[in-house]
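Residue numbers 1 to 147, in my numbering, belong to the letters of the sequence shown in order.
Fair warning: there could be bad hints in the mix.
[Claimed, not checked] Listed below are the simulated EDC-like cross-link pairs for lysine to aspartate or glutamate, each with C-alpha atoms no more than 20 Å apart in a straight line:
id: 1; residue 1: K37; residue 2: E121
id: 2; residue 1: K110; residue 2: D138
id: 3; residue 1: K22; residue 2: E121
id: 4; residue 1: K22; residue 2: D47
id: 5; residue 1: K95; residue 2: E77
id: 6; residue 1: K95; residue 2: D65
id: 7; residue 1: K37; residue 2: E135
id: 8; residue 1: K95; residue 2: E79
id: 9; residue 1: K22; residue 2: E79
id: 10; residue 1: K37; residue 2: E106
id: 11; residue 1: K37; residue 2: D65
id: 12; residue 1: K110; residue 2: E62
id: 13; residue 1: K95; residue 2: E6
id: 14; residue 1: K22; residue 2: D138
id: 15; residue 1: K37; residue 2: E77
id: 16; residue 1: K22; residue 2: E77
[Stated by the list, open to error] If you anchor each label on the Cβ, the simulated ranges turn out as follows:
id: 17; residue 1: G109; residue 2: R55; range: 31 to 37 Å
id: 18; residue 1: F43; residue 2: S3; range: 29 to 35 Å
id: 19; residue 1: E124; residue 2: K22; range: 29 to 35 Å
id: 20; residue 1: S52; residue 2: L19; range: 33 to 39 Å
id: 21; residue 1: E4; residue 2: E28; range: 34 to 40 Å
id: 22; residue 1: V76; residue 2: T53; range: 29 to 35 Å
id: 23; residue 1: G109; residue 2: I75; range: 35 to 41 Å
id: 24; residue 1: P94; residue 2: V40; range: 28 to 34 Å
id: 25; residue 1: E74; residue 2: R11; range: 18 to 24 Å
id: 26; residue 1: D65; residue 2: S125; range: 27 to 33 Å
id: 27; residue 1: T41; residue 2: S3; range: 26 to 32 Å
None of these hints come from the bench; they were simulated from the model. Don't be surprised by glycine CBs; every beta carbon is placed ideally from N, CA and C.
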Amino acid sequence: MMSEHELTIIRTLQAPRSLVFKVWTQPEHFSRWLGPKEFVTTFCQMDVQVGSTYRACIRSPEGTDHWMQGVYREIVEPERLVFTFAWEDEDGQPKLQTLVTVTFAEQAGKTQMTFHQATFESVESRDSHQTGWSECFDRLAAYLNTF
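Make a model of the complete structure from these sequences and hints.
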């Protein structure tokens with residue numbers, strides 16, 4: 001389900017979509033699962049309103065900080081989130097911006113989450129994000145089990 005410059009990941013999560021939406025939109029929850037396995041979120045600021053921004057930093061096990069930022073474009077609670085996503089350079093300026101769309105569909109108390117991100121500048125970048133987000137969503141699934 002991927003073109004060369006787009007990424008789509010579909011997961012069924014063992015939680016109602018209202019909860020899944022909440023852990024995507026509240027920094028105290030988002031920071032608990034953001035980042036690949038063994039990364040930690042050291043900073044997370046979110047103003048979840050259309051036109052407002054978010055900024056976060058994830059730290060690798062080796063101690064390297066990776067800053068990201070974006071702007072919320074669409075928010076339909078609890079169905080859909082659309083936001084820009086960009087890694088920052090050393091000066092805090094955004095690099096290539098992609099658009100992320102996450103939809104949440106209720107399925108008998110579970111949630112089918114569809115994550116789409118585009119447009120990547122290369123297949124390598126897409127594949128790297130696929131690995132990173134897949135590990136994030138493993139952490140998300142585990143975090144949802146704590147509720």
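Now for the hints, and whether the structure bears them out:
1. K37 - E121: The hint is violated at about 25 Å.
2. K110 - D138: Roughly 15 Å between the alpha carbons, so the hint for K110 and D138 holds.
3. K22 - E121: Status violated; Cα separation ~31 Å.
4. K22 - D47: 13 Å, holds
5. K95 - E77: Violated, at roughly 29 Å.
6. K95 - D65: 15 Å, holds
7. K37 - E135: Holds, at roughly 6 Å.
8. K95 - E79: Violated - the C-alpha atoms of E79 and K95 are around 28 Å apart, more than 20 Å.
9. K22 - E79: 11 Å, holds
10. K37 - E106: It is violated: about 27 Å lies between the C-alpha atoms, which goes past 20 Å.
11. K37 - D65: Roughly 14 Å separates the two Cα atoms, so the pair holds.
12. K110 - E62: Between K110 and E62 the Cα gap is close to 35 Å, so the pair fails against 20 Å, i.e. violated.
13. K95 - E6: 17 Å, holds
14. K22 - D138: Judged against 20 Å, a Cα distance of about 17 Å means the pair holds.
15. K37 - E77: Distance ~28 Å between K37 and E77 Cα, so the pair is violated.
16. K22 - E77: 9 Å, holds
17. G109 - R55: 31 to 37 Å: 33 Å, holds
18. F43 - S3: 29 to 35 Å: Since F43 and S3 have Cβ atoms about 33 Å apart, the given range 29 to 35 Å holds.
19. E124 - K22: 29 to 35 Å: Since the Cβ atoms of E124 and K22 sit about 34 Å apart, the hinted range of 29 to 35 Å holds.
20. S52 - L19: 33 to 39 Å: Taking Cβ atoms as reference, S52 and L19 lie about 22 Å apart, which means the hint is violated.
21. E4 - E28: 34 to 40 Å: Since the Cβ atoms of E4 and E28 sit about 37 Å apart, the hinted range of 34 to 40 Å holds.
22. V76 - T53: 29 to 35 Å: 19 Å, violated
23. G109 - I75: 35 to 41 Å: Violated: the Cβ-Cβ distance is about 23 Å, outside 35 to 41 Å.
24. P94 - V40: 28 to 34 Å: 22 Å, violated
25. E74 - R11: 18 to 24 Å: 20 Å, holds
26. D65 - S125: 27 to 33 Å: For D65 and S125 the Cβ distance comes to about 19 Å; the hint is violated.
27. T41 - S3: 26 to 32 Å: Since the Cβ atoms of T41 and S3 sit about 30 Å apart, the hinted range of 26 to 32 Å holds.
Hints 1, 3, 5, 8, 10, 12, 15, 20, 22, 23, 24, 26 from the list above are not met by this structure, while the remaining hints are.
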